[in-house]
Amino acid sequence: MKCPLCGLRFKEEESAAACRGCPISKPCGLIKCPNCGYEIPGESGLLKLLRKWREKRNAVKR
Amino acid sequence: MNTRTKRKEASCHGTTDEIIAGSKRVILVGNPNVGKSVVFGNLTGNYVTVSNYPGTTVEVTRGNGRIEEKNIGIIDTPGMYSFLPITEEESVARAILLNEDSDAVIHVADAKSLERTLHLTLQLMETGLPLILNLNLMDEADRLGIKIDLEKLQSKLGIPVVATIATENKGMDNLRRAIINIPKKSDKIFRYDATIEPAITKITRLIRGNYRISNRALALLLLQDDPEINDLLEKEENKAAIDKIVEETKKFFSEPLNYLITIQRQKIINEIVKESTIAVRPERVGFRERLSRIMMSPITGLPFLLLVMYGLYEFVGVFGAQVAVDYLEKTIFGNYINPYVTKIVTMIIPWKILQDLFVNDYGIITLGVRYAIAIIMPIVATFFIAFSIIEDTGYLPRLAMLIDRVFKKIGLNGRAVIPVVLGFGCDTMATMVTRTLETRKEKVIATLLLALAIPCSAQLGVILVLLSGNIDMLWIFAGVMALVFMLVGFLASKIIPGESPLFYMEVPPLRWPKLSNVFTKTYTRVEWYFKEVLPLFILASVFIWIGKITKLFDLAVDLLSYPTSWIGLPKEAATAFLFGFFRRDFGAAGLYDLKNEGLLTGVPLLVSIVTIALFMPCIAQFSITIKERGWKMALGMAAFIFPFAFLVGFLVNLVLTTLGVTL
Ligand SMILES: Nc1nc2c(ncn2[C@@H]2O[C@H](COP(=O)(O)OP(=O)(O)OP(=O)(O)O)[C@@H](O)[C@H]2O)c(=O)[nH]1
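Here the protein sequences come in this chain order: A and B.
If you count by our numbering, then the first sequence holds residues 4 to 65, one letter each, in order.
If you count by our numbering, then the second sequence holds residues 2 to 664, one letter each, in order.
Next up, chain B with everything else stripped away, as it sits in the complex (with noise of 0.2 Å):
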């Protein structure tokens, strides 16, 4: 592609000239906001062209500059993290790479996060390009306390190393002449595992024709099946070979190439991080981090949970639950929907078996649709909204590491547990476990202990709901719970045969959160939750008149008020279970129609809560893990989860009861 004829018509500011024939050329890359654009700006002159990339809405900026009496052309590229691109300003940068002739290519880096800028190094110094690293915002580095041996690093990585301030124009002399002394390609090949190195060959021996970079990128990013890269080698190579190489290689792992080499290339830079940083005590530690260390640190990091829990259960549970589902409950379906609907409807259908389908007592309208709008609605968009909020601070990251060094003192295998523990939807678990599980016996298992202990979101939230004003019940739900994660975690971690060690985990900067991001956030999990759970708590109306029409409900409510007397709950609670068939979140809204209703108060409400927490996951996914792995398998876990759930409710019932607790 040439840049250059097509920059005039893309080109905005069109009146600087470009580039100055003859001039050596560098190219400047680096994650976004590493101070790439002071870079440019201290080396070039303030003559500059900025320029859309041809076919994109994305600014190259261009630029002139003289060392030691030579013309030097130099090209600010937009902001990458990883030479694999996923952003459309990626792939400008690196096309700019590909494209591009250049003498030297600059990484512009943040010094205080070697860890995360090295992957770009790395990757970059696989393709083979003149590569210098700018350690750029060093003064903030310093203060915050990491001292980096430059001569190490340079030794180790085989390229020349330069720290800058590029602000303050410290530095900035030396990274002049590395440019003039004109880099050559580091001699350095970090080496993957012995599936993918010999594959990397194979392809390199393949690839026929001269690229900017070297083949081994070239077949580095082949593997991780780039698009773009299969499209510039689709003419002139053997595709139909490398792709057999390719997929070969995938089949191998259950993992993504893509994330095999991540994680692969983690460990070498982990290595090289650790033999050339030194990591000295700060002098004076900023609030933020802190504040970070708190939320990570056990002996601090709990009270701390407990504290945002407590947020979260004023927000969600009083706020959402008492305030938003009284008014659109009380007011708004009790007041108006149900008596106009009903009214309607008695009035253009005159059966009353067909009536039933839409209104009265377990109507599509009156049930289905009141339980999704009125009840799990407001909950769930107040859970969700400080979801977001507390996803967009980078609390989650620091909870995990808090749950990790907790479980580890107690000498359980964290990482196992965390996204079940943080994450949605109900299926986290067995996809985190059953991925690395080998025989059928473990996933079982592990499918197993998921169905039963984890509580989707929504469930949550309106568990959250049904405690709400009473904050004993709230201590000894979070108590029982926790019991239950515990065993859960610690069976978990007796199957799941030691995790990968190499699990990468970014910790971010904390920040205050962005109200836009919280609103699109939390939009998009509310619109996917209703997309989920609407239609099925309509279908869930509409068996229960099937159920009702052939007297199957009865008869199901009945076998089910056995065990719910055993576990001291009123008849009517049986209800509420069959609801919680259907999927949880529905039972949860039973209950609190029944507490509603007065008929659900106390150490029974205690009781029927975590029974259900505990239940059997919904009928979607059932009937799913009946399709996926049997009739057997699936009534197995369930001839497992129900005694036990119905089980833990009668300890806590059995407990509470003796103590003579009463809430």
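If we strip away everything but chain A, and leave its shape as in the complex, we get (with noise of 0.2 Å):
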């Protein structure tokens, strides 16, 4: 993904590392770009739902 911020492109996980400093110990749903800190809410579940479908489709109308 890329953050919107500062531009940096980085994969998920890594934001992980950026995360290490923050009190919360639990995951709490927002992904930090580890470069400039920047915090962007995870793909949402229905979102992610709608894609694949879409995706899917497209792939059997092809």
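No wet-lab data here; the hints were simulated from the structure.
Backbone N, C-alpha and C fix where the C-beta goes; we use that ideal spot for every residue, glycine too.
It cannot be assumed that every hint is accurate.
[Claimed, not checked] No farther apart than 27 Å at their CA atoms in a straight line, the calculated lysine-lysine pairs in the DSS-like style are these:
no. : chain 1 : residue 1 : chain 2 : residue 2
1   : B       : Lys552    : B       : Lys572
2   : B       : Lys515    : A       : Lys51
3   : A       : Lys14     : B       : Lys245
4   : A       : Lys14     : B       : Lys153
5   : A       : Lys14     : B       : Lys409
6   : B       : Lys236    : A       : Lys14
7   : A       : Lys14     : B       : Lys596
8   : A       : Lys5      : B       : Lys515
9   : B       : Lys515    : B       : Lys532
10  : B       : Lys275    : B       : Lys153
11  : A       : Lys14     : A       : Lys51
12  : B       : Lys515    : A       : Lys55
13  : B       : Lys113    : A       : Lys55
14  : B       : Lys203    : B       : Lys236
15  : B       : Lys268    : A       : Lys5
16  : A       : Lys5      : B       : Lys532
17  : B       : Lys268    : A       : Lys14
18  : B       : Lys252    : A       : Lys5
19  : A       : Lys51     : B       : Lys532
20  : B       : Lys251    : A       : Lys14
21  : B       : Lys515    : A       : Lys59
22  : B       : Lys275    : B       : Lys409
23  : B       : Lys275    : A       : Lys5
24  : B       : Lys268    : B       : Lys153
25  : B       : Lys252    : A       : Lys14
26  : B       : Lys549    : B       : Lys596
27  : B       : Lys240    : B       : Lys251
28  : A       : Lys5      : B       : Lys113
29  : A       : Lys5      : B       : Lys251
30  : B       : Lys148    : B       : Lys275
[Claimed, not checked] Covered stretches of chain A, as calculated for chain B (at least 3 residues, CB under 8 Å):
no. : segment
31  : 7 to 17
32  : 32 to 38
33  : 45 to 55
With the hints in hand, could you dock these two chains into one complex?
This is the structure in structure tokens:
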């Protein structure tokens, strides 16, 4: 994904490193840019389902 | 993998022949939208094969062309930003480079953004594949006043560099010549730091097999945890030994290696770009460019920011809050849900005590759910819509640049505060700052500062609403908060030992927001928010219920009413502050209730808003601070923040009443 603030492209897992200093220890649903610290909410389950479904349909159509 | 045989079944046009046997093979790679397809079209004839890459829905185009009487097979790959793939397209593009023979790889690049594009060039150079850099879109670069010294760039990189305007067929002959001359691999090696470089050497030595790309490139990818490369080397190589080196290298740093490598590469790139480009003033600056500059320059940028804030206020504060909240709160909850639920609950549950858990003054439905759905939801929804629009236009990076410049002007380190101002959630600062901090003392101060000064987004939304209808109040609030920010920024920059000067920052082009993007972003944020907040609101109701039974609640309100009255607030405000401890937005919603009942207006309202904005972070964060940093520190922080919030409230009250300000 791409950080909307600084433009760094990173993988979701990489945000874990950026989260290390955070006092909140449980996963909070936000993805943190390892470069600038900007926080983005992770992809919603519902939207992901929709996207998968659309991709599948497109693939079948072809 | 043999794509040639597999292609038939996956192919959809499968009529034309594949690349003519015996011809030279050229692979086109590059970021999306840089003109690869146009270049491809220029080099090939009319017959091309489009097929899905095996096992994916990603399309790959292949065609044949002729240069100086020789057959050339050309492959157009999906857009890639980095040799370390994130998307499926990037994986496919890289798989082609890893698996297919090539006599030349052409990196088609956007001449307008050399800084960004050279990341891929350098990565491709590391692979040792025979590479040509094709700077396309030269006309647009020209228009922006970007002049590139091709000779210089060529000598810096050690590979052929060809400028083209693909759409006008300009420079294509040079490109053809470069292809036919078959580029050698570059002899330039760009080095990383003293920890990463030895690790690369060690891994390179361990790799025994023969791969299409260099061992150095493989080592770098392994260090960056590339799963595909890990799989590729699993069988043939001594993976255990390699993994050990990777793990040991990681231990040296708190950041991911991938990030460090990117940053270090950026440094190399900055050098190259500086020496090989001459920016001349463009003759005519386009509207977008002019707007972009207005946003970033302190003199025009700050008024612009105020304008944006005013728009935000009108949309969230006036439309979201007054219109939407009014309807949900008064009509839906006031007339329907509350009376109805109360009736049912009193019917089913005969005990008053248990009834109170669900309904009446502090019930789960009448307080927790009502606050969440009727007050907070319309506000955060409108707030998130506005924010998503702002985010999608590319204004945020410009705002970041602006803040950075303003802070630099007054001698402060702006970078440290930017994500705080723009970020969501409440823990932004802690993370950002504590990452780079060395000593315990620094960490403590940083955590404290952020607990104090960073209002979470939801709280901001509710505050906007509380201020709605009174523009003077809004300005005073903004002023006070700005002062506190400055103070925090000042302190933060004092304790943060020179934030690494290398801070990756890319300012994308301005654009109109896309409806679908805005929708997705807003929905994602609202969903996230409710997942976080609703359980807490319900929990708060339960706690208050327990507190009521045990009389602890009244005791706490009594205690809190002292400081509240000192800062000139009615006793009822104490309840809202208590709410604020569960979550700050919960407290703000409590204030909103009071305002609606006419109990809180004018100066006291402003004072309570300022106080609650500075107030202790919510109980969740507090309890976690206890867990992570211990009781002593958590209580110590509370002991500071509590009085400080009230002190600021007190000062604001004092100043305003002394000056005789009425709001
Ligand atoms: N002004 C200008 N426009 C160009 C040039 N080359 C390509 N374009 C335009 O840029 C746009 C993108 O070109 P494509 O060839 O589709 O880009 P691509 O790299 O294949 O994009 P993906 O398929 O997304 O990877 C098209 O509208 C082209 O007409 C150029 O040299 N100058």
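- Task: Kindly indicate which numbered hints from before are broken by the structure, ordering the numbers from low to high.
- Result: 4, 5, 7 and 13
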